[in-house]
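Engineer: Sequence:
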Amino acid sequence: MRHQKQSQEENLTEMVEFVLLGFCDVPHLQWLLFGLFLAIYVIILLGNGTILLITKVDSTLQTPMYFFLGNFSFLEICYVSLTLPRMLANLGTQRRTISLVACATQMCCVLTLGATECFLLAVMACDRYLAICNPLHYPLIMNHKVCIQLVAGSWLSGVPVQIGQTFWIFSLPFCGSNKINHFFCDIRPLLRLACGETFMNEVMVYGAAVLLVSVPFLLILISYSKIISTVLKLPSATSRTKAFSTCSSHLTVVMLFFGSAIITYLRSNNSHSSGTDKVLSLFYTIVTPMFNPLIYSLRNKDVIRALRRLVCK
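Counting in my numbering, the sequence shown runs from 1 upward without gaps.
Just so you know, the hints here were simulated from the structure itself, not pulled from any lab data. Bear in mind the structure is a predicted one, so any value in this text is a computation, not a measurement. One or more of the hints may lead you astray.
In silico lysine-lysine, BS3-like type, Cα no more than 25 Å apart, as pairs [as the list claims (entries may be wrong)]:
| id | residue 1 | residue 2 |
| --- | --- | --- |
| 1 | K301 | K313 |
| 2 | K56 | K226 |
| 3 | K56 | K145 |
| 4 | K301 | K242 |
| 5 | K242 | K226 |
| 6 | K301 | K56 |
I would like the entire structure built from these sequences, with the hints used as guidance.
Structural biologist: In structure tokens:
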């Protein structure tokens, strides 16, 4: 018993880095994946960067809806830059190690920006609700000061919870394997490596997911139920089409992001598998940021006109 405890402590002191396995189970596809993810990263940077630029410089897009959209595009750039560059480095160099401090920092930042995205999508839904259901008071309620406060609140909302959650998880003893079967440091793959009792950590993960994912999602559902109810009462078919078109882009992004996030963090432990987790994580960390500019530009005539003006200049 004493020898086993001593061996465990020795392993604990040596655990100063982890190995991100990523997609090492398909070695023959490493360079194909490198090229694919590099192309996706460039598309994300160019697409979201363009949306961010036109919402700042085009005078016709100086409204609360596009102010939130610009912040959302900036958030997507930050979010994807936390995972894709390291994934590309791992694929290109085959050096998959990450220090314990870097792993903790990455996990905390990914979780915090994920919470920011949840709340910012909820804010955008509430903005559409006020614009459609209360148009007369909308300019007074959604003034510039309120917009800044809502965005700041979205960025800061998840910081205390995720810092606490990261600290608690990395306080656990990691005395077994140091190989994380994922392409970034995420909660569940790390919990699988911890030895000792992790029940309270699992409870905390569910609690944080309910608070930071389910609550914004419920706000979005309530907002859209009110919007749909109001739009269906409009007498003109043209007015109904216009109202729905302003919401369809946002609703598409919501379903992509929240669908994968809810399945990842709120399903039971028995149904978790490393392969499924990696695929679902790709949706909310890479696929959503990639399609965000396409969804908003192809479905929005104001954005298309602003892009044309930018190209002409």
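Engineer: A separate judgement is required for each hint: does it hold in the structure or not?
Structural biologist: How the hints compare with the structure:
| no. | hint | in the structure |
| --- | --- | --- |
| 1 | K301 <-> K313 | 18 Å, holds |
| 2 | K56 <-> K226 | 30 Å, violated |
| 3 | K56 <-> K145 | 17 Å, holds |
| 4 | K301 <-> K242 | 11 Å, holds |
| 5 | K242 <-> K226 | 16 Å, holds |
| 6 | K301 <-> K56 | 17 Å, holds |
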